[in-house]
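Residue numbers (the numbering used here), protein chains in the order written: chain X, 1 to 484; chain F, 485 to 734; chain V, 735 to 997.
Do not rely on the hints blindly, as some may be mistaken.
With a straight-line cut-off of 30 Å between C-alpha atoms, the simulated DSSO-like cross-links for lysine-lysine are [as the list claims (entries may be wrong)]:
1. F:K490 to X:K404
2. V:K813 to X:K393
3. X:K105 to F:K625
4. V:K813 to X:K444
5. X:K278 to X:K97
6. X:K54 to F:K525
7. X:K77 to F:K578
8. X:K97 to F:K625
9. X:K77 to X:K105
10. X:K105 to X:K2
11. X:K443 to X:K11
12. X:K77 to F:K625
13. V:K927 to X:K444
14. X:K474 to V:K813
15. V:K813 to X:K410
16. X:K438 to V:K927
17. V:K927 to X:K410
18. X:K2 to V:K927
19. F:K623 to X:K278
20. X:K19 to V:K927
21. X:K464 to X:K444
22. X:K11 to X:K393
23. X:K19 to X:K444
24. X:K190 to F:K625
25. X:K475 to V:K927
26. X:K54 to F:K523
27. X:K443 to V:K927
28. V:K927 to X:K404
29. F:K695 to X:K278
30. F:K623 to X:K190
31. X:K77 to F:K525
32. X:K97 to F:K490
33. V:K813 to X:K464
34. V:K813 to X:K375
35. X:K77 to F:K490
36. F:K525 to X:K375
37. X:K105 to F:K623
38. X:K278 to F:K625
39. X:K353 to V:K927
Think of the hints as simulated: they come from the structure by calculation, not from any bench.
Predicted model, so just to flag it, every value in this text is computed and none were measured.
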Amino acid sequence: MKPETTQFRVKAAATLDNKTVLQSLEHVYTGFHEGRLTAAADTPNWEELRTKGKAIKDHTIAHLDYYLGLLADNVEKNGGHVFFAEDAAEAREHVVKLAHDRNVKTVIKSKSMVSEEMALADALIDAGIEAVETDLGEYIIQLAGETPYHLIAPAIHKSREDVAALLDDDFKNGDPVPGADELTMLARAKLRAVFERADMSVTGVNFAVAESGSIALVTNEGNGRMSTSVPRIHVAVMGMEKIVPSIQDLSTMLRILIRSATGQRITSYITMVNGPRKPDEEEGPEEFHLVIMNNGRDKLLADPQMRESLNCIRCGACLNACPVYRKVGGHAYGWVYPGPIGSVVSPVMTGLKDAHDLPNASSLCGACHEVCPVKINIPRMLLELRWRAAEGKSDSRERASSVKERMLWKSWRIGMMGRRRFDLGARISRWLLRPMSKRGWIKKAPPPLSGWTTTRDFPLAASKSLKQRLADRKKPGGTNRDRP
Amino acid sequence: MTDRAKFISGVTASLGHSEVQTPAPDLATAIFESDDDAKLKAAEALAVAGDRATDLIERMAEAAEATGWRVHRVSNPEDAAELIADICQGYGAKRVLRSTHDVLTDIPLDLAIRDTGASIDLTELTNQADTTEPSEREKAKNAAFSADVGITGVDYAIAETGTVVLHPRKGLSRLVSLAPPTHIAVLRPGEVLESLDELFAIERDDFLSGKLSGSMNLISGPSKTGDIEGTIVTGIHGPLEAHLVILGSS
Amino acid sequence: MPEDPSTQPRPEHVTLFATCMVDQLAPGVGESTVEVLEYLGLEVDFLDDQTCCAQPAFNSGFRSEALPVARRFVELFEKVEGPIVVPSGSCAAMVRNYYRDLFRDDPDLVERARRVGDRLYEFTEFIDRFFGNDAITGRVNDTATYHKCCHLIRELGVDGPPLELLENVDGLEMRPLERADVCCGFGGAFSVKMADISSAILDEKLDNIEAAGVNTVIAADTGCIYQMQGGLRRRGSDVQVVHIAEILAKSISGPAQTGTRAR
Chain X
1 MKPETTQFRV KAAATLDNKT VLQSLEHVYT GFHEGRLTAA ADTPNWEELR TKGKAIKDHT
61 IAHLDYYLGL LADNVEKNGG HVFFAEDAAE AREHVVKLAH DRNVKTVIKS KSMVSEEMAL
121 ADALIDAGIE AVETDLGEYI IQLAGETPYH LIAPAIHKSR EDVAALLDDD FKNGDPVPGA
181 DELTMLARAK LRAVFERADM SVTGVNFAVA ESGSIALVTN EGNGRMSTSV PRIHVAVMGM
241 EKIVPSIQDL STMLRILIRS ATGQRITSYI TMVNGPRKPD EEEGPEEFHL VIMNNGRDKL
301 LADPQMRESL NCIRCGACLN ACPVYRKVGG HAYGWVYPGP IGSVVSPVMT GLKDAHDLPN
361 ASSLCGACHE VCPVKINIPR MLLELRWRAA EGKSDSRERA SSVKERMLWK SWRIGMMGRR
421 RFDLGARISR WLLRPMSKRG WIKKAPPPLS GWTTTRDFPL AASKSLKQRL ADRKKPGGTN
481 RDRP
Chain F
485 MTDRAKFISG VTASLGHSEV QTPAPDLATA IFESDDDAKL KAAEALAVAG DRATDLIERM
545 AEAAEATGWR VHRVSNPEDA AELIADICQG YGAKRVLRST HDVLTDIPLD LAIRDTGASI
605 DLTELTNQAD TTEPSEREKA KNAAFSADVG ITGVDYAIAE TGTVVLHPRK GLSRLVSLAP
665 PTHIAVLRPG EVLESLDELF AIERDDFLSG KLSGSMNLIS GPSKTGDIEG TIVTGIHGPL
725 EAHLVILGSS
Chain V
735 MPEDPSTQPR PEHVTLFATC MVDQLAPGVG ESTVEVLEYL GLEVDFLDDQ TCCAQPAFNS
795 GFRSEALPVA RRFVELFEKV EGPIVVPSGS CAAMVRNYYR DLFRDDPDLV ERARRVGDRL
855 YEFTEFIDRF FGNDAITGRV NDTATYHKCC HLIRELGVDG PPLELLENVD GLEMRPLERA
915 DVCCGFGGAF SVKMADISSA ILDEKLDNIE AAGVNTVIAA DTGCIYQMQG GLRRRGSDVQ
975 VVHIAEILAK SISGPAQTGT RAR
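Same shape as in the complex, but just chain X:
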């Protein structure tokens, strides 16, 4: 998927104006976030699990080369094929060629953010191969010609009316639309025939287990299971970081992933794939292909400040907790990964200079860090990226600050380096702004504060600083409070 990170402000503004989408976005809080809060509260050793999950991922990423080798060895031992793709284009070309070589007519796709990096569905369609998204949310946005809005609920921004119109032209004319139940059955009927005729499936990977060469798919709908049962070829695509060392590590990872993503204790299905079907099995894919993709993750790995982001298990909890995401929506982030985790990985993987708005689009409230199942310290990484965007080397593709901004903070620093100038600065600002103030408040501030007063009153500096007031207090006849 081509990054459009430079469009952040414009797209954010569009969402802020869209009451319908904002209403739909509330579901990430009232549904997923509150569900996660309840699930965590109901789990007595929740904090211990988070610590354990972090430890598993820290260890794995620190030895990623070793575990990649182990994983590949074991997948091949089980009769599967492994393809290492340096970038999205390579991965995409490999899968399209495979489909072509095997005379594949219909590909069913199960949910995979990595396949979005690859823009795979469109590439298959361009090659004359039917490629249908089978996860309901992905199916909806495929019909809409859009990209995912959220990590686990790709169509969360679509209202029931939107969905009805996409599923059936009959609903386009504004008649009352059926409930979610009926719409779901409609989608089921449409996709069932596709499942039956699929000759290849492409799925993501929630966890790849190095010691056994297995992959785990965590799903609710059943399309993941269809993908690993019906077609003759199963292709699983994964980011290279999605490994855990041992099959027994899965119990921790599954517990924290599922509760964090939807608040469920467990999803309807967890499918463990151990390669193609065995000779004595009559059912299941004849071929299993694992595509392991880099696509810029090496940059995160090589960067000590950013490496922790590779611990991410793509649960979406940070999105659900983020007050910014809930107002700007998924498309504003301009690439595959929205929300707080997207604000950290997209700039590094696709270029900070173009994406510099992303790490700056945060009040640093820390809710993301608080809910992350593997305790990723996202705020710290946002601050690191802000630093690089503000003061990175000017010949690098990082620095995005303007001369004006740099001058502003330089004068700020000068003003803060001495008490007299600090007081003087406040006195001057009061003197300048007092004429446009009323009872200590300003309705229209000049730059650089004008953004504030578009929606809020701004306070006038006090007539006396605290230093002065405390000094006055000590004098006989003392206090001098509340003078506007």
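Following the hints, put chains F and V in place on chain X, whose structure we already have.
Chains F and V only, in chain X's frame:
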């Protein structure tokens, strides 16, 4: 075309090393557990499953209901067969498929189903036929997609989460619990494990040896989605309804 | 992490770190802080030369500008002994949690900053640890609700003490705030640089405040206070947003007053 060595050496370089280093043992992950310790753990998990069977069945029933299974309790094989036949009849089922789990022949199931006027087929349709024949596989697939009810036993169940564990078996073992709109799973005491920890401890050796067949499924209730306005809807691509018949304790 | 107070005797003397905002925009908060600390029997010192902890520049990414200002802070406050009290969770977090990042090229400075940070406490955190939340028993007749400032709860882990302090004020009817722990949208320079997003987040907070049906909102960080007060004023609302130090100072200062307080 990137080959494996080049890719991995790139990762090694990103880690700041010149060659792949084997990790030193770390308590963080279970991969360093000795085979002996692992075997002990697995043995204990199985022992607990036997010793605490009654308690685990109760917890399983509770957790299963919470995750959307319709839970039924019967005390003997005849009642089990009759109950299942009733359920099928309730759906107006004409075609029923079942897996090769022992429990399904330990109860007089086939007879009970046929008595309702429905056909019941073993998913092992291709007993004699060449299993690599595309037309045989096609036939089997069509059977699954046109069946009304799929019945299985369980290989394990998990009390923590209300989960039924199915290993693939001869025949249409994957699709029988997926394609028909109704799935019925028959569970007996002694088959229930405490939690995911015990499952993976027990399965560890099979995973490592590659002996475990192509895929294993953990099933916790009917299929669901929350993709339309975040509203949870039960029943999408997988079964719309999932029944758990607990045989042997009421 | 500040030292465990159970291993130390109650202090008799503290140094106030006002914060740049309190110093120049809301000195009343500073005076209230002093009044409360004196009520608890403490002697309070104010270092005349103080300016800022450098958080605004650091958060905006301009670490080269933040560094000298932060170093100056350390140099100033390491000269005094005993606890340092600050009426701001975000400024306390800057010193305790982020100075080591800012100073990471200078291990000696990191250590000096740590020693200052170890005896630096946010205002309610300080009272809770050394005096207990029932140490202040005054009266204010009012209906109020409490907004949880993000840095205080998440960076410092101070969640219970402010509400407990307020529970002990007679006549103060505390009403719950829906989504109290969701950000008000301030975020420092974010409130200006991305004013539209900041305002959208604020709108939700203000809707919840109005739904609480109170006269007063209480919070523990001046940035959040101005975000909310500025927005409420723009809505034409009479609801007052005050710092917890101000409410506590009012509660011990004499005859109880009701409702609003002209700025």
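Against the 30 Å threshold, does the CA-CA distance of K77 (chain X) and K578 (chain F) hold or violate the hint? violated (43 Å)
Are the Cα positions of K77 (chain X) and K490 (chain F) separated by 30 Å at most? holds (21 Å)
Given pair status - K623 (chain F), K105 (chain X), alpha carbons within 30 Å: Holds: K105 (chain X) and K623 (chain F) sit about 19 Å apart, inside 30 Å.
Can the restraint linking K190 (chain X) and K625 (chain F) be considered satisfied, given a maximum Cα separation of 30 Å? holds (18 Å)
Given hint K97 (chain X) paired with K278 (chain X) - CA-CA distance at most 30 Å: holds (25 Å)
K927 (chain V) and K404 (chain X): Cα distance at most 30 Å? holds (13 Å)
Given the hinted pair K97 (chain X) and K625 (chain F), is their alpha-carbon gap at most 30 Å? holds (27 Å)
Need the status of pair K77 (chain X), K105 (chain X): alpha-carbon distance at most 30 Å? holds (29 Å)
Holds or violated: K443 (chain X) and K11 (chain X), Cα atoms, limit 30 Å. holds (28 Å)
Are the Cα atoms of K105 (chain X) and K2 (chain X) separated by 30 Å or less? holds (27 Å)
Under the criterion that the straight-line Cα-Cα distance not exceed 30 Å, is the pair K353 (chain X), K927 (chain V) satisfied? Measuring from Cα to Cα gives roughly 17 Å; hence the hint holds.
Hey, K813 (chain V) versus K410 (chain X), does the alpha-carbon distance stay inside 30 Å? holds (27 Å)
In the structure shown, a violation is registered for the earlier hints numbered 1, 2, 4, 7, 25, 34, in ascending order.
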